Amino acid sequence: MAPARTPTRTRTRTRQRSRQRVTAPRNRAAAGFLLPFCLLFLACFIAPIGYALYQSMLKVERTGALGLGSETQVFAGLSNYTHALEDDRFVAGFGRVLLFGAVQVPVMILLATVLALLLESASARGVVFFRAAFFLPYGVPGVIASILWGFLYVPGISPLVDVLHGAGWEVDFLSDGTLLWSIANIVLWQFTGYNMLVLISQLKAVPGDLYEAARIDGANAWQVAWRIKLPLMRPALVLTTVFSIIGTLQLFSEPLVLRPLTGNVDTGYTPNLHAYDEAFKSNNYHGAAAEAVLLALVACVLSFGFLRLVGRSGKGDDR
Amino acid sequence: MTATEQTEPAGTDPVKRRREARRAAAARARRTGAPLRHRIITLSLLCVAALYFLVPVYWLGVSSTKSSADLFGTFGLWFSDPQPLDHLRDLVTYDDGIYLRWFANSLLYAGVGAAVATVLSAAAGYALAKYQFRGREAVFNIVLAGVLIPGTALALPLYLLFSEVGMANTYWAVLVPSVVSPFGVYLCRIYAAASVPDSLLEAARIDGAGEGKIFRVLALRLMSPALVTVFLFQFVHIWNNFFLPLVMLSDSKLYPITLGLSSWQGYADRQPVLYQLTVGGAFVSVLPLMVLMVVLQRYWRTGLTEGSLKS
Numbered sequence: 008m009a010p011a012r013t014p015t016r017t018r019t020r021t022r023q024r025s026r027q028r029v030t031a032p033r034n035r036a037a038a039g040f041l042l043p044f045c046l047l048f049l050a051c052f053i054a055p056i057g058y059a060l061y062q063s064m065l066k067v068e069r070t071g072a073l074g075l076g077s078e079t080q081v082f083a084g085l086s087n088y089t090h091a092l093e094d095d096r097f098v099a100g101f102g103r104v105l106l107f108g109a110v111q112v113p114v115m116i117l118l119a120t121v122l123a124l125l126l127e128s129a130s131a132r133g134v135v136f137f138r139a140a141f142f143l144p145y146g147v148p149g150v151i152a153s154i155l156w157g158f159l160y161v162p163g164i165s166p167l168v169d170v171l172h173g174a175g176w177e178v179d180f181l182s183d184g185t186l187l188w189s190i191a192n193i194v195l196w197q198f199t200g201y202n203m204l205v206l207i208s209q210l211k212a213v214p215g216d217l218y219e220a221a222r223i224d225g226a227n228a229w230q231v232a233w234r235i236k237l238p239l240m241r242p243a244l245v246l247t248t249v250f251s252i253i254g255t256l257q258l259f260s261e262p263l264v265l266r267p268l269t270g271n272v273d274t275g276y277t278p279n280l281h282a283y284d285e286a287f288k289s290n291n292y293h294g295a296a297a298e299a300v301l302l303a304l305v306a307c308v309l310s311f312g313f314l315r316l317v318g319r320s321g322k323g324d325d326r
Numbered sequence: 031m032t033a034t035e036q037t038e039p040a041g042t043d044p045v046k047r048r049r050e051a052r053r054a055a056a057a058r059a060r061r062t063g064a065p066l067r068h069r070i071i072t073l074s075l076l077c078v079a080a081l082y083f084l085v086p087v088y089w090l091g092v093s094s095t096k097s098s099a100d101l102f103g104t105f106g107l108w109f110s111d112p113q114p115l116d117h118l119r120d121l122v123t124y125d126d127g128i129y130l131r132w133f134a135n136s137l138l139y140a141g142v143g144a145a146v147a148t149v150l151s152a153a154a155g156y157a158l159a160k161y162q163f164r165g166r167e168a169v170f171n172i173v174l175a176g177v178l179i180p181g182t183a184l185a186l187p188l189y190l191l192f193s194e195v196g197m198a199n200t201y202w203a204v205l206v207p208s209v210v211s212p213f214g215v216y217l218c219r220i221y222a223a224a225s226v227p228d229s230l231l232e233a234a235r236i237d238g239a240g241e242g243k244i245f246r247v248l249a250l251r252l253m254s255p256a257l258v259t260v261f262l263f264q265f266v267h268i269w270n271n272f273f274l275p276l277v278m279l280s281d282s283k284l285y286p287i288t289l290g291l292s293s294w295q296g297y298a299d300r301q302p303v304l305y306q307l308t309v310g311g312a313f314v315s316v317l318p319l320m321v322l323m324v325v326l327q328r329y330w331r332t333g334l335t336e337g338s339l340k341s
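Sequence lines, in order, name chains C and Y.
The first sequence runs 8 to 326 under the numbering used here.
The second sequence runs 31 to 341 under the numbering used here.
Just so you know, these hints were derived from the structure itself, not from any lab.
Because the structure is a prediction, the values reported are computed rather than measured.
We treat Cβ as the ideally placed atom computed from N, Cα and C, and that holds for glycine.
Some hints here could point you the wrong way.
Claimed, not checked - Listed next, the stretches of chain C that the computed footprint assigns to chain Y, with coverage defined by at least 3 CB atoms under 8 Å from CB atoms of chain Y: (1) 183-193; (2) 276-284.
To be verified - Derived CB-CB ranges, DEER-like: (3) Y:Ser280 - C:Thr274: 18 to 28 Å; (4) C:Ala31 - Y:Asp237: 16 to 26 Å; (5) Y:Trp202 - C:Gly84: 29 to 39 Å; (6) C:Arg96 - Y:Tyr297: 25 to 35 Å; (7) Y:Glu232 - C:Tyr61: 46 to 56 Å; (8) C:Ser182 - Y:Lys283: 57 to 67 Å; (9) Y:Ser280 - C:Phe82: 26 to 36 Å; (10) Y:Arg164 - C:Trp229: 44 to 54 Å.
What the hints assert, rightly or not - In silico negatives: residues of chain C with every beta carbon more than 10 Å from chain Y: (11) Arg33; (12) Leu85; (13) Phe101; (14) Ser128; (15) Arg132; (16) Leu237; (17) Leu302; (18) Ala306.
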């Protein structure tokens, strides 16, 4: 019994040893490849989150008569958070971007889907031109797009207002009621083409035989789009939707750029604008840190939903 | 006779016939396409959409040739006394040529930032795809979560952190955060897993090549289409970024073009010539990027379809 066992044991031991000999330099190489990115990721993603958490738990306390004495940082617990959540403007800003997202994101994804299906249908002509035309606005930075549309909204300079006026229709794109949807239009203009391109690339990954077979089996163009293409686009639809929601939460430059043009963009028009004003106008860094954490937290809840959705559908991409 | 006629189609022909029918249908579809009615509806819908996307760009092009007075005084969708060269000269000479400086800054931030980000992402993605080690999935999931963290939520604390170490309001303040691209790592990992065969790596190892050399010579070459994508994404991301430089920079000499133009726009009601400069500057600044986007369209990947790459 015993002599029979020893050779196997030594054999496994040598195999383990030889595996160690091979893996040690490989592990070192892997670490070398990973380290530069991980260090910078730590510095630019993890550290700011930790620092924001730390700063959000502090507050400035002034000593001396009338608070004119020296300033000291003291532990504040969660008071910055309760303060932010009790701030009507900050909460209203969250409500506003959520309403914005609930309307703008479905409209944009729907438009992107329709354009993708139209361009990929058999009856489309001039596909290269149209695809480029729709994608073009993605090359315009958000700030420039906002400056551009800002000019198109201001009466006196805008041909749009002129034309509508000529048609007997008076529109104020920058009034209290319309402003949010004017901003939604800027985002729609900028990102629909990009989302369309993502959806098209998903469609193109499907072998063309599938569509051909369906058509020969008697399916018309509408049925091919609805029954075959749309289900196949699901992963791309999930991806574009969640990235759009996260983008919506960060809404900032559009209202900031439109602010000089209208009196309807107040502090806290969006949560991001509120945090920015809190930090650089009120010099309340601790409050701003708390608001940044709250913003990341809401995004985190949505990301979690995204990961679950992705986990449930196509896992096949990453082998 | 009847028997042979029946057996022949029953034997080989159904498959062949169906294949031929399919080929004929495909050819017919290519030749005549869908019914004319469908084509007209599709084309008109596409034209309406194209108008929506192109008219603002057209307006910007027309308006960039106008003076501030004409911007307000004439109809926006047609030219009026166009003087593009004079306005271009005004643009690049205003305030000691600050516009060109902003342009160069943007190129520096986006070019250098995207190049470094691509190299870092390639190395990290390759390591995550091709090496087995403990905690690999944990690292990948943390990086993946980074894709979903809003950049603006990070910018404020990052500013506080950078001012502690005296890095705020320097080139580094914008460059350093720009070289980290979690999305790039994600894309590189998926692409490396699909396009760099293990057998090739083993063969190179048996030939005595070191791990670093294998990465530089083999992996980078095989991954190059994905690297173009990562570079493009990051370049546009940095070029379009507004919040980070806004928070980090106070010296207008360090501004990228987005921040510079928005500062002009903010002052325009006090200094009307800035209307003309903002519009012209915006047009000039979007031209190169728009050309880049359209020419390199096919490189915009998302990682969703990279797994099926080999088929």
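Falls inside 57 to 67 Å, the C-beta gap from Ser182 (chain C) to Lys283 (chain Y)? Between Ser182 (chain C) and Lys283 (chain Y), where Cβ atoms are some 38 Å apart, the hint is violated.
A cut-off of 10 Å on Cβ-Cβ distance, and Leu237 (chain C) was said to be off the interface with chain Y. Does that hold? Consistent with the label, Leu237 (chain C) stays out of reach of chain Y, its closest Cβ about 15 Å off (over 10 Å).
Do the beta carbons of Ser280 (chain Y) and Thr274 (chain C) sit within 18 to 28 Å of each other? Between Ser280 (chain Y) and Thr274 (chain C), where Cβ atoms are some 20 Å apart, the hint holds.
When you look at the beta carbon of Leu302 (chain C), is every beta carbon of chain Y farther off than 10 Å? violated (5 Å)
When you look at the beta carbon of Phe101 (chain C), is every beta carbon of chain Y farther off than 10 Å? The claim holds: Phe101 (chain C) sits with its nearest Cβ about 13 Å from chain Y, beyond 10 Å.
Taking the CB of Arg96 (chain C) and the CB of Tyr297 (chain Y), does the distance hold inside 25 to 35 Å? With a Cβ separation near 27 Å, Arg96 (chain C) and Tyr297 (chain Y) satisfy 25 to 35 Å, so the hint holds.
Hint check for Trp229 (chain C) and Arg164 (chain Y) - Cβ pair distance inside 44 to 54 Å: For Arg164 (chain Y) and Trp229 (chain C) the Cβ distance comes to about 52 Å; the hint holds.
Consistency of beta-carbon spacing, Gly84 (chain C) to Trp202 (chain Y), with hint 29 to 39 Å: holds (35 Å)
Mind checking the hinted window 16 to 26 Å against the Cβ distance between Ala31 (chain C) and Asp237 (chain Y)? holds (20 Å)
If I take the minimum Cβ distance from Ala306 (chain C) to any residue of chain Y, is it greater than 10 Å? The assertion about Ala306 (chain C) is violated, with a minimum of 5 Å to chain Y.
Interface-negative label, Arg33 (chain C) against chain Y, beta-carbon threshold 10 Å: violated (6 Å)
Return holds or violated for the Cβ distance of Glu232 (chain Y) and Tyr61 (chain C) against the range 46 to 56 Å. Cβ of Glu232 (chain Y) to Cβ of Tyr61 (chain C): about 47 Å, so the range 46 to 56 Å holds.
Going down the numbered hints, you'll see the structure goes against 1, 8, 11, 14, 15, 17 and 18, while the others check out.
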